[in-house]
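Protein chains in written order, with the working numbering: chain Y, 1 to 475; chain F, 1 to 178.
It is possible that part of the hints are untrue.
[Said to hold, decoys possible] Which residues of chain F face chain Y? A few of them, derived with a C-beta cut under 7 Å, are: (1) Met36; (2) Val38; (3) Pro43; (4) Gln93; (5) Pro100; (6) Leu105; (7) Thr117; (8) Phe118; (9) Leu119; (10) Val136; (11) Ser140; (12) Asp141; (13) Glu174; (14) Ala175.
[Said to hold, decoys possible] Taking lysine-lysine and the DSBU-like style, the derived pairs with C-alpha atoms no more than 30 Å apart in a straight line are: (15) Y/Lys310 - Y/Lys373; (16) Y/Lys20 - Y/Lys5; (17) F/Lys134 - Y/Lys211; (18) Y/Lys20 - Y/Lys207; (19) Y/Lys207 - F/Lys5; (20) Y/Lys462 - Y/Lys339.
No lab work stands behind these hints: they were computed from the structure. All C-beta atoms, glycine included, are put in the ideal place defined by N, C-alpha and C.
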Amino acid sequence: MAEKKNHAEHAHGEEHLRKKHLMLDPLPRGQMNAMVMESMHTTSWKFWAVFGLLAAITAYGLFYSWGVMIAEGLGVAGVNRPAYWGIFLVNTVFWIGISHAGTFISAILRVFKAEFRRPFTRAAELMTTFGLVQAGFSIFMHMGRVWLSYWLMPYPNQRMLWPNLHSPLSWDLLAITTYLLSSTMYLFLPLIPDVAMARDRSTGWRKTFYKILALGFRGTEGEWTHLRNAMNIFAWAIIPVMFSVHTIVSWDFAAATRPGWNSTIFGPYFVVGALHSGMGAVIMVLAIVRGTMKNMKYFIRPEHFEAIGKLMLIISMTWAYFFFNDYMVQWYGGDKWTKQLLHFHEAGPMGWMWFVMLIFNVAIPWAVLWNRKWRSTPWIVFTVGLLINVGMWFERYIIIPISLSINRMPFTWRLYQPGIEIPLGIGTLAFFILLYMAASRLIPLIPVWEVQEGQMAHELKKYGRETVVTVSELE
Amino acid sequence: MTESKIVDLLAVFPDLEPAADAIEHLRSIGVHDGCMNVISGIPVTEAMLGRPSQWTNVPRIALGGALLGFGAGFFLAFVAPYLYPYPIQVSTQSYVPGPPAVVVLFELTMLGMLLSTFLGVFLDSFFPNYRPMKYVPEVSDGKIAILVECPYGDEMKIIDALKKSGAESVRPAEAQHL
Chain Y
1 MAEKKNHAEH AHGEEHLRKK HLMLDPLPRG QMNAMVMESM HTTSWKFWAV FGLLAAITAY
61 GLFYSWGVMI AEGLGVAGVN RPAYWGIFLV NTVFWIGISH AGTFISAILR VFKAEFRRPF
121 TRAAELMTTF GLVQAGFSIF MHMGRVWLSY WLMPYPNQRM LWPNLHSPLS WDLLAITTYL
181 LSSTMYLFLP LIPDVAMARD RSTGWRKTFY KILALGFRGT EGEWTHLRNA MNIFAWAIIP
241 VMFSVHTIVS WDFAAATRPG WNSTIFGPYF VVGALHSGMG AVIMVLAIVR GTMKNMKYFI
301 RPEHFEAIGK LMLIISMTWA YFFFNDYMVQ WYGGDKWTKQ LLHFHEAGPM GWMWFVMLIF
361 NVAIPWAVLW NRKWRSTPWI VFTVGLLINV GMWFERYIII PISLSINRMP FTWRLYQPGI
421 EIPLGIGTLA FFILLYMAAS RLIPLIPVWE VQEGQMAHEL KKYGRETVVT VSELE
Chain F
1 MTESKIVDLL AVFPDLEPAA DAIEHLRSIG VHDGCMNVIS GIPVTEAMLG RPSQWTNVPR
61 IALGGALLGF GAGFFLAFVA PYLYPYPIQV STQSYVPGPP AVVVLFELTM LGMLLSTFLG
121 VFLDSFFPNY RPMKYVPEVS DGKIAILVEC PYGDEMKIID ALKKSGAESV RPAEAQHL
């Protein structure tokens, strides 16, 4: 009798573990393919309503407003002495930050063989590419005369002028271009087998589309070997590129001898800040994809939110450490203008933003994410991710226009008042979501082959009285 | 003069295990490893199937790209400053300052390496290739296919070996548009 009870408990435990872990709950590959294809093909009127609304916001906010700025000049923006850098650069830094999540999840977690990454690497990589597109738009807006942007490139020209490669602004061009190209290629390589799968299951224009994208991939031993080698090289090499991008962005500020900016810790502080907002954005995207797309509850489970929630908690703690380190050293230095700036951050007219930043980036994540149940609940972590992103946007706003509002010449002090930057910023956000929505219906958001590969490697094993999850090395 | 005619057979297996058995079986009846090709929907390693290692040029191409990128970075960081008709003097920095040169070298080396890695996949895999090819769509549903080149007259022996190892179907491979 007792043996029977033990057997039933063991079976129940196994069943519970299988339900919890995607890697232990395999379905036939054909069924998973069908589920992913169905999720791409299923669109409701709500999808098109949101899509239409976002398209209208993008058309007005991004393209029309930009047209107005090109026609009227930068005077329609709020940037003026002393805050020449405003929301355009806040958004540039913000979007580059968002783009870090894709590489972090796809490359770092791949290198460390973190198995929970498998179903959502592509969802995160897409954020990288689309985020960098918005960062590019934002920096071109900041230029004002965008049609002269080619002056950044080193090319022989009539006036014999070359870009100044001693300047962090030129390094930005190099770093962002390298990162955009690399992350797009890194998105595309693991996508090839999935578009080949979609090609085999499509008709009409979709068939042609997938056929072109699949490049003739069949899955031969040679093709997989070349692909696997390339993905390994990318996973290792793109990590230092990711670190370099936000470090170089931080040098745009830190290389200046301004109070509040001239900090040796800005590089890692910016990188951690980027990961903080990026992870927050990934969890928001996953919650939306799981909640709105068909069959996604099978692929994206509470275990994934739990794992990302843990990472968010660690990153929040690291961000707090760097923030305090930066603050402490500046405060202790006792420089008159730096103290004035720190006081302005906390008690100036925008002081509320400084406190909200700390509450959203530190207090709320720490209060919520320590609890396993809460960090496994999609709507809770979605809310935390949203607040972190608001907090991180505020952080960039404080670092850029608020810090520029006061300086060593009090007669120039003036609070930054944004103008056309607001619709343009909203436009980039709408365009980002729009691109993501379009991509979700065109390319498989779930890397099915990676999920199947992971499922092959996982099993349950009984040690004494306990059943545990084990994973074997496939490569 | 006799012309040796080659027939391609395509066998589909439900799983990895019978496919690995079939490869061993084919080898035992004299089919050379170079005459077989495995097609799968997930990356199946050589060790799983008992196959010889696959050659890839991707790491070498990546290295070549890194060197080219380094060369481009070297030109921009160390040579170009002396070509400017109006030399750029930043503060007390020399025309070729060390730390900024490191940044330029790093970014262009990485760009060269990653671009060439990507290109390497295209070159080694002959992508894009939209010609008719020997393939079965069941592969992307998890089946394993083995493409065997066999001399004319040996087909029956090979078909028999494949079927005995658990092939779901064995048929002459026909190139078709994917």
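Hint by hint, which ones does this structure get wrong, listed from lowest number up? 1, 6, 9, 10, 13, 14, 18, 19, 20
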